[in-house]
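Quick mapping for you: the protein sequence lines, in order, are chains A and B. FYI, the numbering used here numbers position 128 of the first sequence as 128, with every residue one higher than the one before it. Whatever position you read off the second sequence (first residue = 1), add 1000 for the numbering used here.
Some hints here could point you the wrong way.
Using 35 angstroms as the maximum straight-line C-alpha spacing, the simulated DSBU-like pairs for lysine-lysine come out as follows [said to hold, decoys possible]:
hint, chain 1, residue 1, chain 2, residue 2
1, B, K1133, B, K1081
2, B, K1318, B, K1301
3, B, K1318, B, K1330
4, A, K33, B, K1388
5, B, K1330, B, K1301
6, A, K33, B, K1186
7, B, K1332, B, K1301
8, A, K33, B, K1330
9, B, K1330, B, K1254
10, B, K1133, B, K1254
11, A, K224, B, K1318
12, B, K1081, B, K1318
13, A, K33, B, K1301
14, B, K1254, A, K224
15, A, K224, B, K1081
16, B, K1133, A, K224
These are calculated hints, taken from the structure and not from any lab test. Computed from a predicted model, the values in this text were never measured in an experiment.
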Amino acid sequence: MQKYNLWSGSILVGIMVLITVVGFVYTPELPNKMDIGNQLQPPSPEHLLGTDNYGRDILSRIMVGGRPALEAGIVGVVIGLSLGTWLGAVAGYYRGWVEEVVMRLADGLYALPSILLALVAVTLLGPGQLSILAAVAIANVPIFARLTRSAFISIREAEFVAAAKAMGLRDSRIILRHILPNCSSLLLVQASVSFANAVLAEASLSYLGLGTQPPDASWGRMLKEAQAFAGQAPWTVIFPGLAIALTVLGLNRLGDGLRDLWDPKLSPHE
Amino acid sequence: MQKRIAVILVLTLGLVFLNGCTLRGREDDSLVVAIPTDPDSFHPHQSLAAATAEIAFNIYEGLVKAAPDGTVVPALAADWKIEDGGLLYIFTLREDVKFHNGRELTADDVIYCLNRLRDPQVVAKARDYGHIKSITHEGNTIKIQLDQPDAAFLAALTEFSAAIYPQEAEEQLSTQPVGTGPFILKSWQPNNEIVLERFADYWQPELVQLNQVTLRIIPEPATMVSNLLTGHVDLVPRLEPDYLHQVEGNAQLKIVESPMALVQLLAINNARPPFDDIRVRQALNYAIDREQIIEGAAWGKGQPIGSNLSPAMGAWYKDLTDYYPHDPEKAKQLLAEAGYPDGFSATLYLPAPYPLHRSAGEICADQLAAIGIHVDIQVIEWAYWLEKVYTNRDFDLTVIGLDGRLDPHTVLARYESTSSRNFGNFNSPEYDRLLAQGLRETDMAARQEIYHQLQTLLAQEASNVYLMDPSQLAVMRKDVTGWRNYPVYVLDLAPLARVR
Chain A
1 MQKYNLWSGS ILVGIMVLIT VVGFVYTPEL PNKMDIGNQL QPPSPEHLLG
51 TDNYGRDILS RIMVGGRPAL EAGIVGVVIG LSLGTWLGAV AGYYRGWVEE
101 VVMRLADGLY ALPSILLALV AVTLLGPGQL SILAAVAIAN VPIFARLTRS
151 AFISIREAEF VAAAKAMGLR DSRIILRHIL PNCSSLLLVQ ASVSFANAVL
201 AEASLSYLGL GTQPPDASWG RMLKEAQAFA GQAPWTVIFP GLAIALTVLG
251 LNRLGDGLRD LWDPKLSPHE
Chain B
1001 MQKRIAVILV LTLGLVFLNG CTLRGREDDS LVVAIPTDPD SFHPHQSLAA
1051 ATAEIAFNIY EGLVKAAPDG TVVPALAADW KIEDGGLLYI FTLREDVKFH
1101 NGRELTADDV IYCLNRLRDP QVVAKARDYG HIKSITHEGN TIKIQLDQPD
1151 AAFLAALTEF SAAIYPQEAE EQLSTQPVGT GPFILKSWQP NNEIVLERFA
1201 DYWQPELVQL NQVTLRIIPE PATMVSNLLT GHVDLVPRLE PDYLHQVEGN
1251 AQLKIVESPM ALVQLLAINN ARPPFDDIRV RQALNYAIDR EQIIEGAAWG
1301 KGQPIGSNLS PAMGAWYKDL TDYYPHDPEK AKQLLAEAGY PDGFSATLYL
1351 PAPYPLHRSA GEICADQLAA IGIHVDIQVI EWAYWLEKVY TNRDFDLTVI
1401 GLDGRLDPHT VLARYESTSS RNFGNFNSPE YDRLLAQGLR ETDMAARQEI
1451 YHQLQTLLAQ EASNVYLMDP SQLAVMRKDV TGWRNYPVYV LDLAPLARVR
């Protein structure tokens, strides 16, 4: 029971990642192939999840439509984690004016809604996946920076850090080898939450027409294109919606599960 | 407990009040109409948007106006004569006409407005009235002298730009229009709603049925449809075909389908390589399957076209839909001859606010991919489209609709090599010569033949890929009567009524 979150989350995320990975090598139909005359067909053995308003196979489009979402998740987390953690570590370890500068900058970024960041990126780079990646990455930096800094502030006062300093170790070694490993669980939990948020952000921005451009598929875009047909052909909305929902649910459960695993203080079962 | 009862009471009263709000203004003599965009300016000489002309049709009038059957009928002029081999137009002005500000219409107003209209320093559309040499009047008779016969002149006088307004209102017209039409602009809240009220002193009072019309500006088609389904809107004059199934079969609504006289086309920049090679443009024409586009983008609600004139233009129209049958093999062969055996890449701009053009564009891209042309689709905002494609002509391909006019000359003149509207850079000396000849020709049969030749030339040169004339789908509550469809872009509110 204790690891229920972890398992269910891993399975859901695993399935969605698997579907997307398989989409790179195999889809039942070409995802962008139109078939006028076979529009809005309900699910059938030929088209397991039905067809959209241009007669395209929805299953195939869902298989490739996860790419931009997962891409946004990976890029957002990797850049946020590397850049944000580094900045937060420096700020939390040295404190003083370094901390002031870094954290005020982070607060400034934090104050901007991520959708606004995305709009700025779209204005500068034009609509497309690149703008979304840029926006998601930038939005994640202050989140990780704040988290790392707060962890560093408390850990730097610990006795083993004082001991390391007394031994004359270099600052970089203390940060990387002594303090950082102690925050890794915290950062990993945040990474899974950030990943989920990035997937949602990509879907919303594509829904607004700012992300993936036609004819390419993305879960958010599929929802937008299906909007007019939701009543007549509900499968055009349900399946891409389900893909987004399951992925985000899975990631959130995974995050909860990881937290339960590493942070016994928070677990109700202890 | 008492507090809770008080809260419930307040809430209930609130609901009653809200209910009152939605019912207010929905009497039998008023109507709510949904339109997608805000007007640009109500000054006849400033406005460029078709969306404005469509509303202004109910506020302003010219000497003559368009009828639903595409003919020109009297308006402020009771009748007219054409003399001197098409060089002299004589109009007799009505005597019983008043402006919205209460003043009577005089011949001086007509002369003032038309003289201002033909001044290219002041008015962008002056070119359409460039053949006017002089305008004079004797009492209520207005004489317009032309410097050469202009067969499209009468039709040009029906346009919004040729509306007659009182000269003292010149400065205020863009936001407070003053005309002679059946409705007065009562209020205009930009991007929200426009309220029109019946003009009590209209010269044809029996024509107007409604006391008030509210035009609600709703850019999102889904919102438009949900407002219609819930009864907050009585009429959607132009429904996006994607939403047709949501209203079809609804017992509360009726759908009137008619040709829009719009020319939807995959426009090609004829001046930009590789499209400056006619074989490439022909290949595009062979690659496109119109039937699929009509089915896929307009759900079958449209008529295929083969040149830049709609079948709604009657005898002027020449059927050229078979000029380029769907033949991908031939298209590939033409591409190979032009030096592109493996195809090439091109950018297709699609205007974001027009779902029909967007869908058609996506299908075009799919069909072009089949002959090896990789199309990079970019959905762009309307203002950017106007600047980039229309004004700067900086594009490869785009899908757009060109609105209908009463006279074929006005429609086809956009392909004159020097026209400011010729954004596809079509260039044919033969075409320019024929176009000028058509304008001078006064014999109907000969004129018809010229316009048939012009349409053929556009097809022959593979100037663009002409797609369809989409159907106009007007959807209204069952109790709305009097809907009239025009071959030009107008919305005729006067005959509309509600019956019990």
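Verification of the supplied hints:
no.: 1; hint: B:K1133 <-> B:K1081; verdict: 17 angstroms, holds
no.: 2; hint: B:K1318 <-> B:K1301; verdict: 20 angstroms, holds
no.: 3; hint: B:K1318 <-> B:K1330; verdict: 24 angstroms, holds
no.: 4; hint: A:K33 <-> B:K1388; verdict: 30 angstroms, holds
no.: 5; hint: B:K1330 <-> B:K1301; verdict: 28 angstroms, holds
no.: 6; hint: A:K33 <-> B:K1186; verdict: 51 angstroms, violated
no.: 7; hint: B:K1332 <-> B:K1301; verdict: 30 angstroms, holds
no.: 8; hint: A:K33 <-> B:K1330; verdict: 21 angstroms, holds
no.: 9; hint: B:K1330 <-> B:K1254; verdict: 44 angstroms, violated
no.: 10; hint: B:K1133 <-> B:K1254; verdict: 49 angstroms, violated
no.: 11; hint: A:K224 <-> B:K1318; verdict: 39 angstroms, violated
no.: 12; hint: B:K1081 <-> B:K1318; verdict: 30 angstroms, holds
no.: 13; hint: A:K33 <-> B:K1301; verdict: 23 angstroms, holds
no.: 14; hint: B:K1254 <-> A:K224; verdict: 27 angstroms, holds
no.: 15; hint: A:K224 <-> B:K1081; verdict: 56 angstroms, violated
no.: 16; hint: B:K1133 <-> A:K224; verdict: 55 angstroms, violated
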